[in-house]
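Visitor: For reference, the chains in residue letters:
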Amino acid sequence: MIRKITTLVLALALMLAVGWGLWERANRLSLANAVEAGGQRDFYNLLSYVEQSQVSMGKFLASSSPRQQAVHLTEAWNQAAAAQHALSQLPTPGIKPINTSKFLAQTSDYSNYLAQKLARGEEVTPQEREQLVRLREEMKRLAADLRQTENQVAAKNLRWSSFYSTRMPQPLKTIARFAVPAQAQPSPLDGFVNADRRLQTLPSLNYDGPFSDHLEKPRPLGLKGGEVAQNVAEQKALTFAGDASGGGSYRVQTVRTSNGLLPTYAVNLVDDRRAGVTVNVDVSKQGGEIVSLLNTRSVDAPTLDGAQALDRAAAFLKSHGFADMQPTYTVRSGNSQVITFAAKKDDVILYPDQVKVKVALDNGEIIGWDATPYYMAHHDRQFPRPKLTPDEARAKINSGLKVEGVRLALIPLPGSIEKLTYEVKTKLDDTHYLVYINALTGEEEKVLQIIDVPGGQLTM
Amino acid sequence: MHPFRRRLIIPLLLMVILLGAALWQFYHEGHLPRILPTQAGVPVAVGDEVNLLARLIAAEAGNEPYEGQVAVGAVVLNRVRSPLFPSTISGVIYEPWAFESVANGLIWQVSNLSTATAAAADALNGWDPTYGALFFWNPAKPVSPWIWTRSIITQIGNHVFAR
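Chains R and G are the protein sequences, given in the same order.
Mapping of the first sequence onto full-length UniProt numbering: position 277 corresponds to residue 277, and the numbering continues sequentially without gaps.
Mapping of the second sequence onto full-length UniProt numbering: position 21 corresponds to residue 21, and the numbering continues sequentially without gaps.
Hint data in this document are derived by calculation from the structure and do not stem from the laboratory.
Errors might be hidden in some of the hints.
[To be verified] Within a straight-line C-alpha distance of at most 20 Å, the following computed EDC-like cross-link-like pairs (lysine to aspartate or glutamate) qualify:
| no. | chain 1 | residue 1 | chain 2 | residue 2 |
| --- | --- | --- | --- | --- |
| 1 | R | K96 | G | E100 |
| 2 | R | K419 | R | E75 |
| 3 | R | K419 | R | D452 |
| 4 | R | K402 | R | D391 |
| 5 | R | K96 | G | E95 |
| 6 | R | K344 | R | D305 |
Nothing here was measured: the structure is a model prediction, and the numbers come from that model.
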């Protein structure tokens, strides 16, 4: 009797286990198919966008009308960008095709730059044309490499979903290798590896766009003087943090050095009186300026409003030698207010030279400071006198917009270019737009839409 | 005890364990919180960006000092601006194997996002304690040897940051 029952229970358990295993396998297969489809989609998108952009670049070279040329360049710009996107989402384990990614992004950006030039009525120079011919040759080679990989994909030697399987434990792997000796096979991803290696050796591409090679490592223009010693930096950090908290006292806990685009001493301070309050202050190695401050304490319910916070921030800036700063935008972030200031010279707002100040709304303490943009960009500028009057700039605005204010502003454009413009605050329906009219030529340089975020406000 | 029954104990126990495991997994799979990621490439509003970034920060650097959390957010944003990486926040976060927490699903399991949300907001507001880092990793964990060829900027908490 007992024997019968146990046999029955065991048989039932076995059936359940087998059933569960089959069910799990079915699940796994449907997921694997979905992943495979995703990989295939990204791969074929990549291949076809690379081919298409190469064709569009060719059409640009074959075309003689600037209008058509601009159309083909715009196509190449979008197709190369789509190719970069597809490449970045493709599972290629063990390989980071960053050179291919950079090449596609740069080609896209460069096509955009040339299209913009044509749109402004300027001509593409022979050198720029030559540059595009070279990029197109590389694009063709990349397409050829990808077509080779496509052969592998079509022959099912390359399964994207297989890259996601869980790794076999080492002892099992060893046994498996005894049973089935591994043969030397070319990896299915060799096409990607070769293309990426070749694209690494491309000569640098310099033009007026955000991905130009000359912008890869910007140098801080706003730092003067030699390198300061660590103890000097510590002293400056202590004084600054004390001022920010309105007379608090701190002591140094740790200091680390940081060798980013703006080399700093990162000084970690603890509050002497308030337990658990730490402040991180970054002091630039060159010149010993305070680049950043972050107080990590949590902020309680507000007792100040946005206007009072702005006054605190402005007073704090003034007391630290930033005499002529203009608040430009303010946004509520939790229980604190973040205010962006831009430098001002001869009544011109210098947008590249920005400092952000974060004020805790519970007691008005300065809990954040970021002068990185300021020290990266600030220098003595000699800008020309505007040729247009504010009224002439106003007249350039699309007549459907309601103008709410005009002032002079120096704005940064892609490729580290700065232009003197009239900043015109306008309103279309219920949305604000900032339109920038070149103060020398009257050209419209840029349009910004102000996105309404809770507590965000443009101060103008 | 009957010798026959004694022989049965071990296989029976094994079966019970297996069944238990199956039931446990079944139960848990049915009850996993289903938070779906936003579609890559779709422009997201500012609020969505904070949420997405906060989730990654909490999963990648939940136990790191606050500065280290802001730094992880800044790395994502530096990648968005770099030609080496996708040009959207979601594209960067969900790039295959870009982040361990996306590969192992931790990003959908984190629950306490309060500090991470503040850190994400600071990063989106421009704070970057790494001054331009594109990579970070934990040197105590096994990582691809390739990553050590990047130029190291600094170490914050348990993470090394590099360009």
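Visitor: Under the criterion that the straight-line Cα-Cα distance not exceed 20 Å, is the pair R:K419, R:E75 satisfied?
Guide: Violated: R:K419 and R:E75 sit about 28 Å apart, past 20 Å.
Visitor: Is R:K402 within 20 Å of R:D391, Cα to Cα?
Guide: holds (14 Å)
Visitor: Within a Cα-Cα threshold of 20 Å, do R:K96 and G:E100 meet the stated pairing?
Guide: holds (15 Å)
Visitor: When you check the alpha-carbon spacing of R:K419 and R:D452, does it fall within 20 Å?
Guide: Violated: R:K419 and R:D452 sit about 26 Å apart, past 20 Å.
Visitor: Would the pair R:K344 and R:D305 pass a check requiring their Cα atoms to be no farther apart than 20 Å?
Guide: Judged against 20 Å, a Cα distance of about 26 Å means the pair is violated.
Visitor: Just to be careful, I want the Cα atoms of R:K96 and G:E95 compared with a cutoff of 20 Å; is the pair within it?
Guide: holds (11 Å)
The structure does not agree with the numbered hints 2, 3, 6 stated previously, though it agrees with the rest.
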